[in-house]
Every structure is written in C-alpha cells, then in structure tokens.
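Here are the chains, one letter per residue:
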Amino acid sequence: MMPLLAIAVPARLVHLAPVDVVIVVFYFVLVLSIGWYLKGRANTGEDFFMAGREMTAWVAGLSFLSANLGALELMGWAGSAYQYGILATHWYWIGAIPAMLFLALVMMPFYYISKTHSVPGYLKLRFGESSRALSAVSFAFMTVLMSGVNMFAMAKVMQIVLGWDINFSIWVSSLTVGIYVTLGGLRSAIFNEVLQFFLIWAGALLIPILGLYEAGGWTNLKVLITHRASEQYVHLWSGLGSFGNNPMGINWVGIVFGLGAVISMGYWTTDFLVVQRILAAKDIRSAEMAPIIGAGFKMLVPVIVILPGLLGLAVLPEKLMPESVAAITGAHSYNDVLPLMLARYCGPGLLGLGVTALIAGFMSGMAGNVSAFTTVWTCDIYRPLFNSKGSDRHYVNMGRWTTIIGVLISVGTAYLVMQFASIMDYVQALFSFFIAPLFGTVVLGMLWKRATGSGGFWGLLCGTLSSIGMWVWVKVDPTALRYVALSPHAKALAQDMFQALWSFIACVVVTVVVSLATKPIPDNELTGLVYGLTEVPSVGDVPLYQKPFFWAAVVTVVFLVLNIIFW
Amino acid sequence: MISIWFFIGISLAVNGALILAAGIYQLVNPPANPGIVLFSLHANVWWGAVLLAIGLIYCLKFAPRHA
Numbered sequence: 003m004m005p006l007l008a009i010a011v012p013a014r015l016v017h018l019a020p021v022d023v024v025i026v027v028f029y030f031v032l033v034l035s036i037g038w039y040l041k042g043r044a045n046t047g048e049d050f051f052m053a054g055r056e057m058t059a060w061v062a063g064l065s066f067l068s069a070n071l072g073a074l075e076l077m078g079w080a081g082s083a084y085q086y087g088i089l090a091t092h093w094y095w096i097g098a099i100p101a102m103l104f105l106a107l108v109m110m111p112f113y114y115i116s117k118t119h120s121v122p123g124y125l126k127l128r129f130g131e132s133s134r135a136l137s138a139v140s141f142a143f144m145t146v147l148m149s150g151v152n153m154f155a156m157a158k159v160m161q162i163v164l165g166w167d168i169n170f171s172i173w174v175s176s177l178t179v180g181i182y183v184t185l186g187g188l189r190s191a192i193f194n195e196v197l198q199f200f201l202i203w204a205g206a207l208l209i210p211i212l213g214l215y216e217a218g219g220w221t222n223l224k225v226l227i228t229h230r231a232s233e234q235y236v237h238l239w240s241g242l243g244s245f246g247n248n249p250m251g252i253n254w255v256g257i258v259f260g261l262g263a264v265i266s267m268g269y270w271t272t273d274f275l276v277v278q279r280i281l282a283a284k285d286i287r288s289a290e291m292a293p294i295i296g297a298g299f300k301m302l303v304p305v306i307v308i309l310p311g312l313l314g315l316a317v318l319p320e321k322l323m324p325e326s327v328a329a330i331t332g333a334h335s336y337n338d339v340l341p342l343m344l345a346r347y348c349g350p351g352l353l354g355l356g357v358t359a360l361i362a363g364f365m366s367g368m369a370g371n372v373s374a375f376t377t378v379w380t381c382d383i384y385r386p387l388f389n390s391k392g393s394d395r396h397y398v399n400m401g402r403w404t405t406i407i408g409v410l411i412s413v414g415t416a417y418l419v420m421q422f423a424s425i426m427d428y429v430q431a432l433f434s435f436f437i438a439p440l441f442g443t444v445v446l447g448m449l450w451k452r453a454t455g456s457g458g459f460w461g462l463l464c465g466t467l468s469s470i471g472m473w474v475w476v477k478v479d480p481t482a483l484r485y486v487a488l489s490p491h492a493k494a495l496a497q498d499m500f501q502a503l504w505s506f507i508a509c510v511v512v513t514v515v516v517s518l519a520t521k522p523i524p525d526n527e528l529t530g531l532v533y534g535l536t537e538v539p540s541v542g543d544v545p546l547y548q549k550p551f552f553w554a555a556v557v558t559v560v561f562l563v564l565n566i567i568f569w
Numbered sequence: 010m011i012s013i014w015f016f017i018g019i020s021l022a023v024n025g026a027l028i029l030a031a032g033i034y035q036l037v038n039p040p041a042n043p044g045i046v047l048f049s050l051h052a053n054v055w056w057g058a059v060l061l062a063i064g065l066i067y068c069l070k071f072a073p074r075h076a
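Taken in sequence, the protein lines are chains A and B.
For the first sequence, my numbering begins at 3 and goes up steadily by one.
For the second sequence, my numbering begins at 10 and goes up steadily by one.
One thing to keep in mind: the hints can contain errors.
Claimed, not checked - Straight-line alpha carbon distances no greater than 25 Å define the calculated SDA-like cross-link-like pairs of lysine to any residue that follow:
#1 Lys549(A) / Phe561(A)
#2 Lys70(B) / Phe561(A)
#3 Lys284(A) / Phe15(B)
#4 Lys41(A) / Arg74(B)
#5 Lys70(B) / Trp38(A)
Hints in this document: simulated from the structure, not taken from any laboratory.
Bound conformation, chain B alone (with noise of 0.2 Å):
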C-alpha cells in the first residue's frame, strides 16, 4: 500500500515547483506593480524551494518499493 506520506510529498513537491516556478519568472520580469508588500523578499521563490526540497524528500523515502 502507498504510504500516505508519499501523497504528501508529491503534493509539497509539485506545489513547490509551481510557486518557485512563478517566482524565478517574477524574479525575471519584475512586475511594475507588484501588488504585495515585501515584494523584494521574493518569498515565493525560496518559499518554493523549501516546499520543493521538503516535497523530494518525502518523495524519495517514502516511494512505493517493488518486490
């Protein structure tokens, strides 16, 4: 049976993707008006990143294993 911490780590890592995704093209192509505050934190790029890590990690420990 797949390990629910398996389904937790393909969420945490596609989300992670997404949002470091979003935020590299912003680091990019800085908007002219951001619209947040702290803009220049650039927090979904390593908020992302960190999801993305955490995400692999529960990925790859907890992967269904063949016989």
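The following block holds chain A by itself, in its conformation from the complex (with noise of 0.2 Å):
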C-alpha cells in the first residue's frame, strides 16, 4: 500500500450540496440494514466465520478484490500514477495477476480440501503448532494495527477533502463497520464489499471518461503527458532496463522477481485478508473462478486509479508536490489528485456519489481487517491456546466479542497515530515484514513434501528477521540500499521489491536446509496438505466455457496483450 503521510496542511477540497449529503446518508443506512437484516444468519461458527461456505464465484471474487479496493489504495495510487507515470500500473498487472491466477489453479484446491478457517490453520495442518502461533499472532496484531493506521489516514483524507472532524470520521466509520459485522459476521462483510465494489466503479468511473474527452483521446493524452513530464511516464516496461531510465528508479528484475513473484504472490496467496473471501466460496470451482473473476476486474482497475493520475498530470493547471512539499507550502500534493480530479469534473450527486465510493472503499478495507482478526484470534489464538472444549455458541460469541474489541483497538490505534505520526510508516513497514516469508513456507509446504515442521517455522523466522535487518539497515544507514537493491540509482520502492525477494530466498533457503536435516513427516500425514499426496478435487463434467483453467488462460492472454500494448 502506498502511505498516505499524516502530516499535511487540512484545507478542503470540496463543498457538498445537500444532494451528496443525502447520498453519503443513504449509503449508511443501506450498509447498517444489510448487517441487521443478515443478523439471523450468524449463529453458527460456519456462518460467523466462514459465511456459510454458501458464496458463489461472482460473490466470492468480487469480495476478494474489493476487500484489497481501499480508498487509501485508490488515492495512493491515483498520487503514484501523477509522479512515476503509468509504471504504477505494474502493482495492478504483474503484480496482481499471476499471483491471482496462481491462487486459483495451484494453492486454492489444498486451501479449500483441508477445510481449514484460515492460512495460520493450514500451517498448523502441514507445519504444526508453531508456525501457526507465530503466524497467527504476528498476523492478527499487525492486522488490527493496519485497520487504525488506515482509519487515522482516511480521517485525515476526510478533513483535508470535506473539512469534516476527524473524531466524527473515525468514530461514524468505525461504529458503522464493528455493527454490520458485529450482526452479519464474514456474510454481512462479504456482501458489504460486493456492494461497495459497484458504488466504487460508479462513483470514480466517471473521472477518466470525462477525463479523455477532455484530453483528446488516449493518443492526445500521452502527447500532453509526454510535454509536461517525460516520454517515460506513458511506458510500462522499455525504461526498466536500468534503474536510472524510470521515474520509479527500479528495473525489471525488482518488477517482475521482487515485486510479480514475491510481494504479490506473498499478498495475494497468504493474506488471510483476500484469501478468507475465497475460502467462503460455496464448491471447489467456485474458490477456483473466484480468484480468476477477481483478476479480470483487477486488470479493469488502472482504468479508475491510474488514469485519474495520467489525466491529472495532463489536465491539472497547478502542479501537485509530495507530501513533505505540500505540508509544508500549502500546495495540494500528488495524494490530492482523486479528489482533485473528482471536484473537477463532478457537480452536485455525482460528487456525493464519488465520495461515498471513497467512504466504501474504505470501509469495504477496514470490515476486512477486522473480520480476519475475528477469525484468526477465535480459531487460531483463542481456541487451539486458551480453550479448546468450548461450544460452537462460546466460540461464536468469542467472534462478536472479539469484533468489537478489534475496532476498539484499531480506534485506539488511530488515537495512538494522530499523537506519533511516525507510528504509522513503522506499522506499514513491519507488515510488509512477514509477506514474503510466509509465502515462501506456505508454497514450499505445498509443493515440496519434504519440508517438516521444523523447516517450516525456523525459515518463516529467519526469512522475517532478514527482511527485519535489511529494513534497519537500510534505515540506519541510507546509502545501504545500494547494496539490498544492488544499484547505486535505486530508489524507495526498490527497497521493498529486493528486500522481499531477498527475505523469501532466506526463507526458502533455511526452510530446505532445515528440512534435510531433520526427520520427514510420514506421507500419510500429508494427505490432502502436498501436491504428490493428494488428489486435487475435480471441477466436475463441466463444459469448457465453465472450466477455470480455460477462464484463466484469457485471462493470461489478455494480460500479455496489455502488457504489450502499453510497453
């Protein structure tokens, strides 16, 4: 995620008529009556935690990419797109794609016949206790950390584009989320997130319409770009043969090694956030299309974040600053610029409608959050650690109590980041610490049955305290990235693309050593965990046109056809 710093001058940026009121008030009143209205269907464990495992592809998949659809995403990227260009484009390709159709073919057949609640509980199935405490407890802490770190960042995003209170937004927010999921449990979240993935696409569509129209096309857009810019920022991929031919300062090895085969597929793989969409699903085809139904609309995506960054950088009169700039001159900074654009071009409704898909998108991230913590906590913490003989009702009271207090604690985190604003690049920082790691130990359990128990937690930990060190390092001594991203000219984001790849090497690397040393499970304790030892679930005699290995593979197509096109 790119962090939206919490230290800018508050001046708003649009005026709401009483129309957008209404539309904002509206879009409460429909989320608080779905939750009341699914309150009934949360009695089980499997209907609090798991939804029922009733979801269809359509839900499931749009679920899965919305959870990942924040607002802060949306403006991160939007402000990454005006100063890197269209190379941002790269977190929605490269970056997402693979790893989602990967998800779909290879991981979700083991996730989904182990029946498992939750990846920490698929590690505790093939590594044992152990790995799941450590990802369990590292995961849940960070997650409900995230979830304030994002609340205090949109409330801030609130004041500066709406001048509203930043206690009324974390407050209205936040009670809004812990009560839809409070009722409804993963159900209520999950159809919460489908309905903000269409007020999203509705409410920022219209950006890059108009925004094209007033361009002059796609081809006058690049001209006007490349006038006001550089030719660099309209190529995906011919100015990453080197770190100093990009604005970005990376090259191709971080892109497609560090950030395409590790951070991505860290992300989206092993991220009980997105990966509990899919495990709802309600038949193995479907957990398979979901992934592949969420990579389609994510291609779709650029389209209402990147754009809206290239039209900015095209059509904006006033040129927009970083945020340590903007803080300090007044100047609107490149975060500014979807909300920028959305002024610029939205009158009365329209404007209500694209601020409720900010509001949506956030909150459509933060019942994420929490509903990942609730289930981590009760059934990876809670029950295997401090109670394992309650009832299925104590456990399900365990999720609503647990709910609750998620979104006391990521309140008071916000609380906790609006006082020591550096709080929050730490807590954004060490998250990232454990994706890489725990792809490497999830992958390398999946497809390697000789990795043991052992192996499994002691390259989980070696791989998260080399990404720990090279992150210190990097922050004691800057001129260190040199050395991490293996290039005088590489800049931030390199940083986080080689210190993944080189923190998953690590994982792998102790995970094999470890694991040759010490004793192999049994094959048939890994029934059902290993590919090998298991019989990957047939979709069923379904015709081509319903198969996900056929709707991944356009998928795979029309993703090489953008990548060329936009070279």
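Using the supplied hints, reconstruct the complex from the two chains, each of which is provided in its own coordinate frame.
And the structure:
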C-alpha cells in the first residue's frame, strides 16, 4: 500500500450539496440495514467465520477484490500514477494477475479441501502448532494495527477533502463497520464488500470518461504527458532496462521477481484478509473461479486509479507536490489528485457518489481487516491456546466480542497515530516483513513433501528476521540501499521489492536446509496438504467455458496483450 | 434469503434517481458559475440515468419472490 502521510495542511477540496449529503447518508443506512438483515444468519461458527461456505464464484471473487480496493489504495496509487506515470500499473497487472491465477489453479485446491478456517490453520495442518502460532499472532497483531492506521489516514483524508472533523470520521465509520460485522459476521462483510465494489466503480468511472474527453483521447493524452513530464511516463516496460531510466528508480528484475514473483504472490495467496473471501466459496469450482473473476476485474482497476492520475498530470493547471513539500507550502500533494479530479468534473449528486465511493473503499478494507482478525484470533489463537473445549455458540460469541474489541483497538491505534505520526510508517513496514517469508513457507509446504515442521518454522522466522534486518540496515544507513537493491540509482520502492526477494530466498534456503537435516513427515500425514500426495478434486464434468483453467487462459492472454500494448 | 444483487440494485437505483434529479434541476436552472469543467455535457443527467436503469434492472431481476 502507498503511504498517505498524516502531516498535510488541512484545506477543504470540495463542498457537498444537500443531495450529496443525502447520498452519503443513504449509503450508511443501507450497509447497516444489510447487517441487520443478516444478523439471523450468523448463529453457527461456520456461518459467522466462513459465511456458511455458500458464496458463489462472483460474490466471492468481487469480495476478494473489494477487500483490497481500499480508499487509500485508490488515492495513493492515483497519486503514484501522477508521480511515476503508467509504471504504477505494474502493481495492478504483473503485481497481481499472475498471483491471483496461481492462487486459483495451484493453491486454492489445498486450502479448500483441507477445510481450514484460515491460512495459519493450514500452517498448523502442514507444519504444526509453532508455525501456526507465529503466523497467527503476527497476523492478528498487524491486522488490527493496520486497520487503525488506515482509519486515521482515512479520517485525515476526509478532513482534507471535506473538512470533516477527524473524531467524527473515525467514530462514525468504525462504529458502522463494527455493527454490521458483529451482527452478520463474514457474510455481512462480504455482502457489503460487493456493494462497495459497485459503488466504487459507479463513483469513480466518470473521471476517466470525462478526463479522456477533455484531454482529446488516449493518443493526445500521451502527447500532453510527454510534454509536461517525459516519454517514460507512458511506457510500462521500455524504461525498466536500468534503474536510472525511469521515474521510479527500479529495474525489471525488481518488478518481475520482487513484485511479481514474491510480494504479490505473498499478498494474494497468503494474506488471510483476501484469502478468507475465497474460502467462503460454496464449492471447489467457485473457489477456483473466484480469484480468476477477481483477476479479470483487477486488470480494469487502472482505469479508475491510474488513468485519473495520468489525466491529472495532463490537465490540472497546478503542479502537485510530494507530501513533505505540500505540508510546508500548502500546495496540493500527489495524493490529492483523485479528489481534485473528482471536484473538477463532478457536480451535485456525482460528487456525493464519488465521496461515497471513497468512504465505501475505506470501510470495505476495514471490514476485511476486522473480520480476518476475528477469525484468526478465535480459531487460531483463542481456541487452540486458551480454550479448546468451548461450544460452537461460545466461539461465535467470542467472535462477536472480538469484532467489537478489534474495532476498539483499531480506534485506539488511530488515536495513537494521531499523537505519533511516525508510528504509521513503522506499522506499514512491519506488515511487509511477514508477507514474503510466509509465501515461501506456504508454497514449499504445498509443493515439497520433504519440508518438515522445523523447516517451516525456522524458515518463516529467519525470512522475517532477514527482512527486518535489511529494513533496519537501510534505516540506520540510507546508503545501504545500493547493496540491498544492487544499484546506486535505486529509490525507495526498489528497496521494498529487493527486500522481499532476499527475505523470500532466505526463507526458502533455511526451510530446505533445516528440512533436509530433520526427520521427514510420513506421507500418510500429508495427504490433502501436499502436491503428489493429494488427489486434487475435479471441478466436475462441465463445459469448457465453465472450467477455471479456460478462464485463467483467457485472463493470461488479455494480461499479455495489455502489457505489449502499453510496453 | 434476499440476494445481494437486489441490495446493489436498490443502491444504484436510488443513487441514480438522486443524481438524475440533481442533473435535471441544473439543466432547468443552470447555475451562473457551475464550478466544474465540462458542465455543458451534463454528466449527472446521463450518468444518473444509466445508474437508475441498471439499478432498476437488478431490482426487477433479483427481487425477493414470495412462494
């Protein structure tokens, strides 16, 4: 996620008309109504934590995507498109599509047939309790902190864009999310995420349509951007031959291997926040189709995120600044580009819908964090470590209380960040430490039967520690970036990519070495958990156009064509 | 159980109707200073109409049926 710094000068960007306020209020009424309607359908653990495992592929797929489509992502990456040009699209294409397809075709069958409640739950089955505890505690802790950080950042955005009081934004949004997740559990979170997905598109799609009209079409837009910035702002790959040839200060190795092969794989296949949505699918075909549907729509997201940033670069009369400069000068920052474009084109009614889209994006992300935290705390920490003999009803009640407590911890974190803004950067960095090594552990566990419990635990621990070590090294000595990213021209984003790559390699090496030095797990204990020892369930005798493999191939072809077109 | 698509239909239809109404009001009473670029396209009229149409289709297609 791109950080939206908390130290900006408050200056209201837009003014809402009465009809805009009605649209925003209607949104809150609707999401609470959905939660109230679903409260009677969350009485068992399977209902509350897994939405009854009855979601269709479309609902699970759109929810899977929506949980990631937070307002800070929308605004942050639109700002990145203004700052770095079309290169920011890599985070939506190579930084997502291969990982989503890998999840669908390779990993999902194992998650699904193991009937696990969570990713830490799979680690327990595959590597034992210690790996699950390490993964669950770190995930639960970081998820609830991230939720608070995002909450504060969003409240700050609402203050800047609308002039709303920070306390009002924090409490209204968090209480709303808390109420509808507590009432309806994961099903309520998923339903609202699908609703939010539609609102985000309805509210944001008009900006690129009107922007392209004003710019005179895509060809003319490229000319305008080349004139105002440089030709490299409209090329995806041609400037990635070396670190110095593109505005991001990164090369193709970092993008392909750091982002595409490690970070995105780690996020989309092991971050329980998104994987939980797929586990709620009603059958194996739906579970495989859901990430593929998500991938299809993910390829379109740059239309409402990257394109507005590029259009801002071409048509906005003022020049936007980095947050640090904007905070001093009072100018608008890169991250303001989406609200600025919204205010540029959207009159009464449309403005309300656009603001609702931002609020919906924030709330879908927060609901995702809260519901994932609730499941991991209840199923992977509380039940195995504190009370393994409770009734199903007891665990549902625990889930409801955990939702409320999770929201309150998030609110507390938001106020903590308000006092100490630097915490925000640390929390975001902390979260990134776990992603890459966890992917190494999970993927080795699924694909290599020789991996042992000790190997999995020590690999995960060493990978995480190596990531923390590199981060501290560069923090203490910024010149160390040239060693981590292998170039004196590398910039901050390159550090993230290469740090993830090295920590993944460290995790894999340690897992392999320790596994080979320890006693193998008998094959009969790995049935249903590892390739080669598991009969992967069939999606059934369905026509070609209903097979996940067919649609994965279609998405792959479109993905390749898009990359070639915008090369 | 009411389908999620019905709730989406309600949301799009109500938002579309409100945006369309606001757009028609501005069409009949054009403001002296619209404050936005491309006001002449009256985006809130046609975008509101599109959302209303999609919302109504969803509402009709996924309306809860009584046995």
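* Okay, which hints does this one fail, numbers in order? -> Failing hint: just 2.
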